[in-house]
Structures are given as structure tokens and as C-alpha cells.
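Chemist: From just these sequences and the hints, can you work out the full model?
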Amino acid sequence: MARVVVDVMLKSEILDPQGEAVLGALPRLGVGDVASVRIGKRVEIEFDEHAQNIEEQSRVIADQLLANPVIENFTVSIEQGSTETGPVGAP
Amino acid sequence: MARVVVDVMLKSEILDPQGEAVLGALPRLGVGDVASVRIGKRVEIEFDEHAQNIEEQSRVIADQLLANPVIENFTVSIEQGSTETGPVGAP
Amino acid sequence: MSARIGIVTFPGSLDDRDAARAVHLAGAEPVGLWHDDTALAGVDAVFLPGGFSYGDALRCGAIARFSQVMDSIKRAAGAGMPVVGVCNGFQVLCESHLLPGALVRNAHLRYRNRPARLRVETDRTAWTRLYEPGTEVVFPAKHGEGRYVADEATLDELERTGRVVFRYLDNPNGSMRDIAGVTNEAGNVVGLMPHPEHAVEALTGPSTDGLGVVASVLTHLSEGVSR
Amino acid sequence: MTRDLNVAVDTVGVADATPDEKQPWAELGLKDDEYQRIREILGRRPTQSELAMYSIMWSEHCSYKSSRVHLRQFGQKNPKTPRLLAGIGENAGVVAIDENIAVTFKVESHNHPSFVEPKQGAATGVGGIIRDIIAMGARPIAVMDSLRFGAIDHPDTARVLPGVVDGIGHYGNCVGLPNIGGETYFDPSYQGNPLVNALAVGVLPRARLQSMQASGTGNVVILLGAKTGLDGIGGVSVLGSASFSENAEDDARPAVQVGDPFTEKLLIEVCLELFDAGLVVGVQDLGGAGLTCALSETAAAGDGGMHVDLELVPLRAEGMEPHDILASESQERMLLIVDPAKAEEVLARSHRWGLLATAIGTVTGSGRLVVDFHGQTVVDVPPKSLADEGPVYHRPLAEPNDLGLISVDRAETLPRPATDEEIRQTVLDMAASPNLCDKSWITEQYDSSVFGNTVLATPHDAGVVRLDERTGVGIAISLDGNGRFARLDPYVGAQLSLAEAYRNVAVTGATPIAISDCLNFGSPEDPHVMWQFERAVTGIADGAQKLGIPVTGGNVSFYNQTGRDAIHPTPVLGVLGVIDDVARRIPLGLGKTGDTIALIGTTLDELSGSEWANVVHGHLGGVPPKVDLDHEMKLAELLARLAGTEQLAAAHDLSEGGLAQAMVEAICHSGLGAQILLPEGADPFTYLFSESSGRVLVVIPRGQELAVRTACEQRGLPITPLGVTDANTDGLHLRDHFDIGRAELEAAWKGRIGARLGE
Ligand SMILES: Nc1ncnc2c1ncn2[C@@H]1O[C@H](COP(=O)(O)OP(=O)(O)O)[C@@H](O)[C@H]1O
Ligand SMILES: [Mg+2]
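Protein chains in written order, with UniProt numbering: chain A, 1 to 91; chain B, 1 to 91; chain C, 1 to 227; chain D, 1 to 759.
Worth flagging that the hints you see were computed from the coordinates, not collected in a lab. Being a predicted model, the structure only gives us computed values, none of them experimental. All C-beta atoms in this analysis are idealised placements derived from N, C-alpha and C, irrespective of residue type, glycine included. Do not rely on the hints blindly, as some may be mistaken.
Said to hold, decoys possible - Label-pair ranges, simulated between beta-carbon atoms:
#, chain 1, residue 1, chain 2, residue 2, range
1, D, Gly367, A, Glu56, 57 to 65 Å
2, D, Glu40, C, Asp37, 56 to 64 Å
3, C, Asp36, D, Glu40, 49 to 57 Å
4, D, His112, C, Arg177, 46 to 54 Å
5, C, Glu157, D, Ala755, 37 to 45 Å
Stated by the list, open to error - No more than 27 Å apart at the CA atoms, straight line, and that leaves these computed lysine-lysine pairs for DSSO-like:
#, chain 1, residue 1, chain 2, residue 2
6, D, Lys227, B, Lys41
7, B, Lys41, A, Lys11
8, D, Lys77, D, Lys546
Modeler: Right, here's the structure in full:
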């Protein structure tokens, strides 16, 4: 079974209020040395045993569905233990 | 500057309605070979240049703020190019 | 014969009944459209209602975009059919690239339900032609992800071409340039976050200002021209 | 993870062959004699699956073993009314509105899960109560929530409250139900045991009323909705868990469930479509005890026999054992009993909505509930022994030792503000206090208008929803509790809450017709708690009898206790009323400028248990205000009468915080100010802060004063003119005493919750 991870992050110019809220809460945890926090999505996709063209299919899913290009970037990586390997850069 | 990534995923036995909904939509994209989709959070934390105990601090943040231990697990990894290296397992 | 306005029900649509009531009160005939339908049942215009289509998984409207009915709506919109999207419907229109920009998590991070005071910025759309530009209206706004964002160039273009349709007077969610609703170049597709269909009866809404939205499209249709 | 099923499964055959096998009945919460009774019923030791089922069905939560002897009073004392179409014992009570429409409503607790995981705990509480409403054949049309937390400044409140509100909002908003009201209180007694009670209401054509009976031999049992996973089976995980996984961390079978309102929305639409098409013989929601409860209750209510092939249940996790599947509390599932000729259509209609539906068994005439797993019988029991014949306890009762002392420690003797300036400041301090301040930080997170039928919602005294657009007929509901009064006297306290909910409904112009309740108490094993419980139930049953409206259902939540400290006994009462035309509802506010403000009811020196005693002195003692249900009935009748005329512009119930707080709320909700002149000889402090019950502030349009006064006098209801509403008065003007401008009032009252939570 091949596992693909798609990471989706808001573009840097889009305000991430959730990240800001976490950053703002850090001093209360006694953590003071953080410059920024950004919160995005991690999507884990398990393909069937016999699935073909995993990388290509993953890109289609990421590009069409998982990320909205107006506001987000994504990265696709095929996990170790899969038939195909290595992280794949964002488009 | 050190960058830490915290991945937060729902525990495997917890229902992930988002993942289910995405899975259900894949056939309409022409993707048919996917067995499961799970959706979690990816949190990117940038520490200041001089920050100490990055790993420890990241764990505190993850444990106290980013993940809800009742339903979620997390992984902390310190990114390449940082002073400390290597992925760090979940607790 | 009164105009027929299609109201789409996706799994998870919630305000479809309200949209039907508003259409009915404005004197048109509401026609239910199912997300799986390929044909549009001969409707004259389409209303995409609020709700949480497909549970709003991933991003609001992201999955609804792939429904069969949206393929037909895209084609019809391209040919000039009036389409309005309210709340989740607006999100679906942005995700479908029928409207520019995107709707993201409110800046204050919470779902908020409050009547919103809006200014109608233009009457040059199929859905606002009966409003005097500059009119103030009150529609309920209730959403967690209604912050309108787009890049500066897009925003400038929208302003320059008069395509900002509704603007918040008390920005409730951090939307860029207080934008509550926008239109496409042709002015037949309009999206907005606040709910005109919840402002159609004095008994249940904060105003009856919303009746003008459907009334506008009826005028537009009866004149048989697109502006 | 996968295991060899044939080796591990404990079948009836194995149980027969190994009578002496040690079983973890005590770990499962069964008592020695209960375990022995199970063995007697079965004539052998139970299998693991059977043991799991008995332990669940005979738990306090499912069997009402401690409360049942007391709850019987409801059935005995309930007034007979032709309106009651389904009552106690059903998923939710159903009352007729007119010859066509009926309404069903119920309130239920989700206290403990909401403490462990506030967001999901509260969300699944809402999901659960909605399914009870669907199970009656109704379309859910609104929800309400009654919340109690520890002190607002306690760090744990900052964790629990936002999560609970987020959960209730998320679930209700997503499933598309307006939230039309509720209550929020803070008291240290709830610190370790916050209370999350949710109410749902639904409407149905009377002909669509559904039953939970699995009748008709040969009918098909269909499981509808979400897949079954490992969630919520924490309780039975002692069964066979050793073999389940090497890694203990991994095997954390969470007691918490995650809800999916999207699936619930589909469940609503599919079920209603199936009911309308006449495709369903019986229906039951899957709630607290999952399949165990749904199978045994439907079988017990029907012809008494059922056969289920458990391996057909669609699963979400690998390696689930039969007892896991039976015990799982996975959300968003319903059980349908369907004629075999219609089964295919049921499956097809479900799939059209994208909802899973699976035939898992059949109704039989065997009188036994038989569950097979891959061809091996793991359960073979008489279903009534699970559903109806659980243990019944007569637990000992004892009045709490401290009650005598508490009752003489009266708040009426506490130091009171002496000067006008001090009273003025007290008005502001009270308005800003956690229990009285504006709750919009919470309620703005809830959709209140979806469906377009919400006529009144927060902050009105009751939620009012239109049922029929043609006739305008509608309902009003209020949900009220007061743990402080109930702590001082559970009988009177419960009646005060009942009276308040009843009055809140009446104040909108509706006529109260039915009651639902949620009884939140400490441990039933503590005789003091049991005494409180008995007194509260008796108070409610007597109150319902007196008011002439039935208790139609409810829920008991015990063990709300941290160590030896129980919460205040907290009966929460929901009252439902009917209004012929919602256009006639009486709103909150101040009407038009120049209207008369008056008070109906009598103000006594009653301050024990009051918010004033709480806010200013941190005091709880004395005896609660008197309750007069005769008076409440007259008041309700009067208000319903006046709602049909032009004689009332606005009305507002007086409760916590007394007249002062009612004025603050009316002013903040209107654009006008109020000029008030207290009656001659009235002590301003008492008049403003007493919490005497049975009082309503009314706003009478100019020229209607005499008509209203006459109507009151005819009913023997005292009415006192207090002043006028006035566009030129800034805020509250209390003649001869003080002024408080609108800005100052609003600054005190608004924005407190968020600020106190650190937002
Ligand atoms: N406090 C109460 N007052 C009246 N009826 C109650 C009360 N508690 C429980 N009941 C009734 O007992 C029955 C079983 O309750 P419960 O187990 O909560 O129902 P469900 O199985 O639908 O969740 C229901 O009909 C319920 O209305
Ligand atoms: Mg039930």
C-alpha cells in the first residue's frame, strides 16, 4: 500500500489568524523564542495495492481538490516504504 | 533560524469526517484507487536564531496547544538546515 | 408565466428552504435542483443556498464544485444565466472559479451570527438592479469562513470595474476592503456572504431588504436583456 | 492487528462448555447478584458479548435503576390530556398541536463527555438528542442548550466553555438547526462537573408518528448511517483487550466519540423521506449504548424475536470483536425495521443521499435476540431481560445534615447597600456579573435563523418557532434550572424552575402544554443526593399535576460529583407552549415612547439563593422564594389573552437579578430609555433585587392601561404601574434615586464573557 502525504499551506501573503493566535498564546506556555507560526493541512492518502501512477494521481488530487491555488500552496511526498519514493516539490 | 514542523493527526480509531468526505469526492476527479484519506494539521514553527531547546519547546507547544491528546497524536520534526536535525518520533 | 428559479440542494445544504421561500415571496417559482442532476430543468436563474455542502470538508465549497449540477451551472452562467450564491453558495462560486477570490476563516476565528449592515455598491448586476447604489441594507450574516481574500491586483481590478457588489459597514470577519459580495465581469453571477433570503419577512428577519435581490433578477429576466 | 476470529470468539457453545470461566463482571460495573441473575436468566454463564450487553443495559444510564422508583410519580400524577400522543418510555414525548400537527421535544445531558473533550462531547450531545427526535418521525426544527460551568475565572472554564460552545454551535449549525435559546450559569459547584444539557424539538404530521417496535416476523433489520468504529467503547474494553494489541498506547479505545453533523443531516433527510414513503415499520436511534440498546429495545417492544448477523455491520476499524461492535457508540446511526418487499427501495433511497444502509438481520418469532458472528452464535437472550427487566433499587434517602443550618442562614439578614449611590453601583455590578451579563459571545456562535421560521430566539424569554406558514401556528420553548434554589430546597427549587420555564413561555403569549426535564445530580449511592433527587422529582410531578400539563419525557444524569462533593442538585425544566398565530407573540423590549411600564405580581423580601446574595456576598443560605402555581396559571392565562389584543407591547419575566436586571435587559434590547417611579413606601433595594417568583414586567401601549388593569383585577393579579418608556431618557432613570446612562449600562452588561475568558 502506498502512502502519499500532501501538505497544504496558506500562501505567505494571506493572513493566518489561527497561526497568529497560537503565536500569541506561546508566552503563556513559557515559550518566547518563536518568530512565526503557520498552520496548514496535512493530508494522508493511502492508495490501493495495485494503484498506478500514484504521483500523477496525487498531483491531480492536490491541485484540483486539496489546495485552492488562490490562497494555498502544496507539496506532495510519497512516503518511504512505497514503491515510488522521494519528496516531490511544489509546482 | 530553525524551523520545526508539528504534524497533528486524529488517532486512527477516531472518525475523520473530513477525510471521509474527500474520499467520497475522488471518483468525481477520476481517481479510483484510494483506500483512505485522513486530514490533519501541519504546523510550521519558526524559532528565533538564538532559541535554545528547540525540540523540548516544540514538544511543549504541540502537547499543550496544538494537539488534543484525547483524540489526536502528533509528531515533531526539526527541519534540515536547522541546528538540530532529524525527525523525532511521537511520544 | 412567472420566472422559474432553480435552487440547488447539495448534501449538506441548509438554507435551501429559505431560498425557496424568498423566491416565492418575490413572486417567482422555486424549482429544486439536485446536486446529481445534469440538466437544469429549464430554469431561468439559479440560487446556490447557504449551508455546509459535503460537510464543508477541506474548504467550504471545495467538494460541491465537483458536483454534476455545477458543470451545468458553469456552462449556463457562461451563457449569461443569472446565478447567485449566498454564504456557502458564494464559497462554491469562488471554488468553481466563477467568481474571483476566496473565502477563508474569519479573522476572529469564530463562527459569528449577527445582522450585517451593508452598502449596495452597484446596480449593474442581474441581482441588484433594483437597488439604488449606496443604499444601506441589513441582512443576517452567519458564518465561520467568510473573510474575503484575493491578491491586490484582483482587488484593484474589482474596484476599478465596479464589481464589488456589497460592502460591510461594520466588517464582521476581516474581509479585505470590507467586501461582502462580488460579481463576475458580465454581472450575471453574484456571490455574497450575508443572507438576503433571511431578510424577507418582518416577523423572522432583521429587515425585508432582501426581497430586492430576487425582485432584481425578475426584472432582469422580464426585460430579457443582460446588461 | 488482525486476529484469528475462530479462536477468540466466545460463543454460546463455548459458554456452555466452560461454565466456570472467570468473567470480569465486576470490572464491567455489575454487582454479584446482578451477575448471578444473568446466569439464572440464561441458564448458563453469559458469553463475552452477552456480558457486555447486560452490563450496558443494566447500567444506571440505561436502566434507570436508582431513579425508576421515583420517576413513576410522573406517570401517576401526570394530568390526562388528549394532546399527549406519546409519553414517558418513548424516545421523546409527542404532543398534538392541532388536528394535523404534533410536536416532539426532549432534553438530555452530555455532562461527562463534555468535560473530557468539550467540543466533541457537547457536539455529540446535540447529535444524540436530534436522533431521538427523528426516531419519533419528526423533522427536527430547533435546538436549545442549558450550560453550567465552574467559576468563570477558573482556568478550566477557559478550556471547557469555548469548547462546549464550539461543539454545540458546530453541530447545530452544520446540521442546520436554529438554536433558539438556553441558559448559561457559573458556579464553583460545577467545577469538576460542568453540565451540558441539550434540547431538541421536532414537528411531524400526526400520521407520521413512528414506533420503535420490531414487529412482523420476517421483516428486515437495517442499519443506516455511519460505519461502526472503536469509539465510545471504553467501558467494555476489559473484555479481551489483552489480545487486542501489543501496544497499550495504541489501544486507547477512546471513551470519546467524534460527531459528523454532515452525516446526521443526511440521516434526517433520508429518514423523513422513508417515513413519508411509508417504508418503515419501526425505527430506533443508536445512542448511548449503540447496537446493544437499539437491538434489545426494538426487539423487546416488538414481537420479541430478532436474528442479527453481526459481521454484516460495516466497520471502520480492523479487528473489532463482537462485543466491540455491540457496544460501540459510533455516532450518526439509526436502526430501521422494514418490510422485506420494501428493503431494496430503502437501500436505494439511502444510497441516493450517499448514506450507507445495510440489512443486518430479521425479525423472528423466536422470542430470543440471537446474534451470530461469522456463523457462530455469540448472543442468545430474551430481549426483555435486557431492555425492561433490569435491576431496580430502592436506595436509601437522607436529608443532608447541613440543610437545617443552611436554612436558618438567611440572605435577608445580609448587609444591604444603604445609599442610592450604593444601590446604583449594585445594579451595575450585578449586570456585569457572570450569570447575569449578556451572553451574546456564546449565542452569536449559533445559527438562529436557518429555516426562516424563528420568530423569537435569544435573548427573548422563550424561543418561538413558526410551524405552519399558512396558519401561523407556532410553539414556544424555554429551558430553565436553578441549582442554588434547589440546593436550599430541592422540592421548591424544582418547582421554581418549572414555574420559571412555564412563565417564560407564557410571557411570549404562548400557552404551556408540556414538560420535559433533565435531572442532574451527584451519586445516587449517597443518601443525601438520593433525597435531593426524590424531593426534586416529587416537586416536578406535583407541579405538573397542579399546572395541568404532563411531563412527557426527560433524562437523568447521576454521578455529577468530584470526590465527595456533588454538584448542586440541578433539575433543568423544559416547557413547551403553543401559540395560534406567531404574529401575535409578545417580544422583549420597551415598546414605543410613552408606553406604560408596569409590574404584575408581588414583590416580597426574598433574597435567599438570589444572585444578589451570590454576587455581592458569595452567600448561599436560607429558604428559596415561595412558589405559587395557581398564580402562575392565572398569569399565563392573562398573558395568552392579552397577546391576542393590542394591549401589550412587550413583556419580560423577572428571574435572577430581579426587577433591576429585567430593566437592564429591556433597555439594552430597545432603543428607548425608562423613567421609573417606585411605588410609595417600597424599599428600593428590595424592590429592585428580590427574586420573588410569579412576576412579569409588561409594557402597555398608551390608552390600554385601564383594559390591562381590569384584566388583572378580574383574575386577582396585582399590577403596579412603574413608569413610562421614553425616547428622550438616556438609559434608566429611577426617580428620586439615580440615573444610569445607556452607555454605562451597556458597558457593564455587554462583552463580559469574552473578556473574562481572556479573549
Ligand atoms: N427525568 C425524567 N423525566 C421523565 N422521563 C424520563 C426522565 N428520565 C428518563 N425519562 C424517560 O425514560 C425513557 C428512557 O430514557 P432515555 O434512556 O434517556 O431515552 P433514550 O433511550 O431515548 O435516550 C425516555 O422515555 C425518557 O423520556
Ligand atoms: Mg433514544
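Chemist: Could you run down the list of hints and mark each one as holding or not?
Modeler: Here's how the hints hold up against the structure:
1. Roughly 59 Å separates the CB atoms of Gly367/D and Glu56/A, a value that falls within the hinted 57 to 65 Å.
2. Take Glu40/D and Asp37/C: their Cβ atoms lie about 60 Å apart, and the range 56 to 64 Å holds.
3. About 55 Å separates the C-beta atoms of Asp36/C and Glu40/D, a value consistent with the hinted range of 49 to 57 Å.
4. Between His112/D and Arg177/C, the C-beta spacing of about 47 Å keeps the proposed range 46 to 54 Å intact.
5. Against the hinted window of 37 to 45 Å, the Cβ-Cβ separation of Glu157/C and Ala755/D comes to about 41 Å, which satisfies the hint.
6. With a C-alpha separation of about 24 Å, the suggested pairing of Lys227/D with Lys41/B holds against the 27 Å cut-off.
7. Taking the CA atoms of Lys41/B and Lys11/A, the gap is about 16 Å. The hint holds against a cut of 27 Å.
8. Taking the CA atoms of Lys77/D and Lys546/D, the gap is about 9 Å. The hint holds against a cut of 27 Å.
In summary, the structure agrees with every hint in the numbered list given earlier.
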